[in-house]
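*Asks:* Model the placement of chain B on the given structure of chain A, informed by the hints.
Okay, here's what each chain looks like letter by letter:
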Amino acid sequence: MTRAFIAIVGRDLALAARAGGGGELALVFFLTLVVLVPFALGPDLALLARIGPAILWLGALLATLIGLDRLFQSDEEDGSLDLIRASALPLELAVLAKGLAHWLATGLPLALAAPMLGLLVALPIEAMASVAATLLVGTPALSFIGAAGAALTVGIRRGGLIVPVLVAPLTVPVLIFGVSASNSALGGAIPFLTPFLILCALSLAAIVVGAFAAAAALRQAE
Amino acid sequence: MPSLTDLANPTRFMRLSAALLPWMAGAATILLAIGFYLAWFVAPADYQQGETIRIMFVHVPAAWLALMLYTMMAVSALGTLVWRHPLADVAQKAAAPIGAAFSLICLLTGAFWGKPMWGTYWVWDARLTSVLVLLLIYLGIIALWRALDDSGRAGRAVAILTLVGFVNVPIIKFSVDWWNTLHQPASVFRADGPTIHPAMLWPLLILALGFTLLALALHLAAMRAEIMRRRVRTLTILEAERHDRLAMQGLPA
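Those protein sequence lines, which keep their order, are chains A and B.
Residue numbering for the first sequence is 1 to 222, as defined by the numbering used here.
Residue numbering for the second sequence is 223 to 475, as defined by the numbering used here.
Same shape as in the complex, but just chain A (with noise of 0.2 Å):
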C-alpha cells in the first residue's frame, strides 16, 4: 500500500517536471500576474508593499486553480484512473498521493518563490517570511479542495473553466487567514500566530475533506 502511493506520487512528480505537466508553467504564471499588478495599479511602491501579501496570495490561489482541471483529466484520457480505481490501494489514499504531488509540483514552488516575487512588489524582509509561511501551509488546502472540484468535472470535455468557478468559493476562508497572518508583518492589531493556526486548522481539514469528496466523486465518475 505505501509502494504503490509512493508509486503514484513518484509518477506525477515526474509528469509534472518532465512532460510540460504544468509544475514550471503554474510559476511562470504566477510570476507574470504580480507583474501584471505593476503595469494595472502604476508603480507606486508604498502602495504595491502594502497590498503585497495580497498580490502574492492572490497569484498563487490563480496559478493553483488554473491547472486544476488536468489534475485528473489526463489519468481520465489515457486509462490510469482505471488503473488506480482498480488497485489495492484506497481510491482516498490515491487521491491523497495525488494531491500530495500536485502540492509538491505547484503549492510548494509557489511558496518558496513568493519571497523573491515580494521583491517585485517592495515587500519588506520581515514581510517575507510570514507570507513564504503562510504560502506554505496554506496552498495544501488550495491542492485539496480544487482536487475535489477536478474529481467532479472529471468527464467534461469543455471543463477549462468551471473548476476554477466550483473551487474558488470554497477558497475564501484560505485567502482571508492567508493574507491576515501574511498582513500582521505589516503592522496592524492582529497578531500573526491566531490566523496562521486557523490557517493550519483549514488546510488540515481541506486534506481529509478533499481527500474524501474527491475519492466519492472519481468513484460516482465510472
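Hint data in this document are derived by calculation from the structure and do not stem from the laboratory.
The structure displayed is predicted, hence computed values, not measured ones.
The C-beta atom is built at its ideal place from N, Cα and C for all residues, glycine as well.
Careful, some of the hints might be misleading.
Partial list, derived from the structure: chain A residues whose beta carbon lies under 10 Å from chain B [to be verified]: (1) Ala14; (2) Gly42; (3) Leu45; (4) Ala49; (5) Leu152; (6) Thr153; (7) Val165; (8) Leu166; (9) Ala168; (10) Pro173; (11) Cys200; (12) Leu204; (13) Ala205; (14) Val209; (15) Ala221.
Take a look, some chain B residues computed to stay more than 10 Å from chain A by CB distance [stated by the list, open to error]: (16) Trp245; (17) Asp347; (18) Ser397; (19) Trp401.
*Replies:* Then chain B, alone, in the frame of chain A:
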C-alpha cells in the same frame, strides 16, 4: 401521512404534488397578500430608518429562504448519495435556481436599503459577503448541472459538491465575520426574545411564512417540470429506437 419512501415512486409523487400544489400556491398568495398589506399600510415607519424599513419585510425572508433552500439541497444530496432516493436529485436540481434567486433578491433589496441608510449600495461587510459567496456557490452548482449530460451522474456529482459546500458555508461565515462586520446582528431569533416591535414582527413572520410556502410551491412545480422533462426525454429515446427498428425491417414509420 406518506413517508419519503412512498414518494420514491414518481407517479405517486406526481399525483400527490398535483393535489398539493394548488393549496400551497393559494395559501402562499393569501399569506403574502395579508403580509404585504400589513407591511405596507399598517406597520409604522421606523423612527430612524423611515419608510425604508419596509424593504426589510422582503429582505429578511429572502435571506432565510436562501439558507433554507441550501439546507434542503444538502438533505437531498444525502438522499442521493446515501439512500439513492430516485427523487432526491430532482429535488436538488429544482431547489438550486430558486435558492439562487432568493439570495439574489436578498442582495438586491439589501443594496436598495443600503443606499439611503448606509450611503452606499454595497459594502464589503461580513453578512453581505457571505450571502454573495453563497450565491456564487449556487451558481457553481447550477453550472455543474449544465456541464454534465447524464442526469444520474450529474445528480451524484452535484450532491458531493453540495455537501462540500455545506461543510464550507459555516466556515466561510465564520471567516468572513472575522474579516469585517458592519451588518446588524440577528434581531428575531435570539435567546432573550426578539428585539423588534410586535407591530413589525407580525407582518415579518406572516411574510416569512408566505415566502416559505411560495418557495415550496415553486420547488414542487419545478420538480414536476423536471420529472416531466425526463419522461419526455425517455419517451423521445424510445420513439427514436422504435423508428430505428422499423427502418431496419424496411417498413415505413
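*Asks:* Each hint should be assessed against the structure and marked as holding or not.
*Replies:* To see whether the hints hold, each was checked on the structure:
Hint on Ala14(A) is violated. Least Cβ distance to chain B is approximately 30 Å, over the 10 Å limit. Taking 10 Å as the C-beta cut-off, the interface hint given for Gly42(A) is violated, the closest approach to chain B being about 22 Å. The interface hint given for Leu45(A) is violated, since its Cβ lies 25 Å from the closest Cβ of chain B, which is over the 10 Å cut-off. For Ala49(A), the interface hint is violated, since its Cβ never comes within 10 Å of a Cβ in chain B; the closest pair sits about 21 Å apart.
Hint status for Leu152(A): holds, given a least beta-carbon distance of 5 Å to chain B, under 10 Å. Taking 10 Å as the C-beta cut-off, the interface hint given for Thr153(A) holds, the closest approach to chain B being about 7 Å. Annotation: interface hint on Val165(A) holds; nearest CB of chain B at approximately 5 Å, less than 10 Å. At its closest, the beta carbon of Leu166(A) sits 4 Å from a beta carbon of chain B; the interface hint therefore holds under the 10 Å criterion.
For Ala168(A), the interface hint holds, since its Cβ comes within 10 Å of a Cβ in chain B; the closest pair sits about 7 Å apart. With a least beta-carbon distance of about 4 Å to chain B, the hint placing Pro173(A) at the interface is held under the 10 Å criterion. Residue-level restraint check for Cys200(A) is violated (minimum Cβ-Cβ distance to chain B is 14 Å; threshold 10 Å). Using the Cβ-Cβ criterion of 10 Å, the hint placing Leu204(A) at the interface with chain B is not satisfied: the shortest such distance is roughly 13 Å.
Checking Ala205(A) against chain B by beta carbon gives a least distance of about 8 Å; that is within 10 Å, so the hint holds. A cut of 10 Å between beta carbons decides the hint on Val209(A): the least distance to chain B is about 6 Å, and the hint holds. Interface hint at Ala221(A): satisfied, since its Cβ lies 7 Å from the closest Cβ of chain B, which is below the 10 Å cut-off. For Trp245(B), the condition that its CB be more than 10 Å from all CB atoms of chain A holds, with the nearest at approximately 37 Å.
At roughly 14 Å, the least C-beta separation between Asp347(B) and chain A is larger than 10 Å, which holds for a residue marked as non-interface. Listed as outside the interface, Ser397(B) is inconsistent with that label: its C-beta sits roughly 4 Å from the nearest C-beta of chain A, within the 10 Å cut-off. Distance to chain A contradicts Trp401(B) as a non-interface residue, since its nearest Cβ pair spans about 5 Å, not more than 10 Å.
In terms of the numbered hints stated before, the structure departs from hints 1, 2, 3, 4, 11, 12, 18 and 19, listed from lowest to highest.
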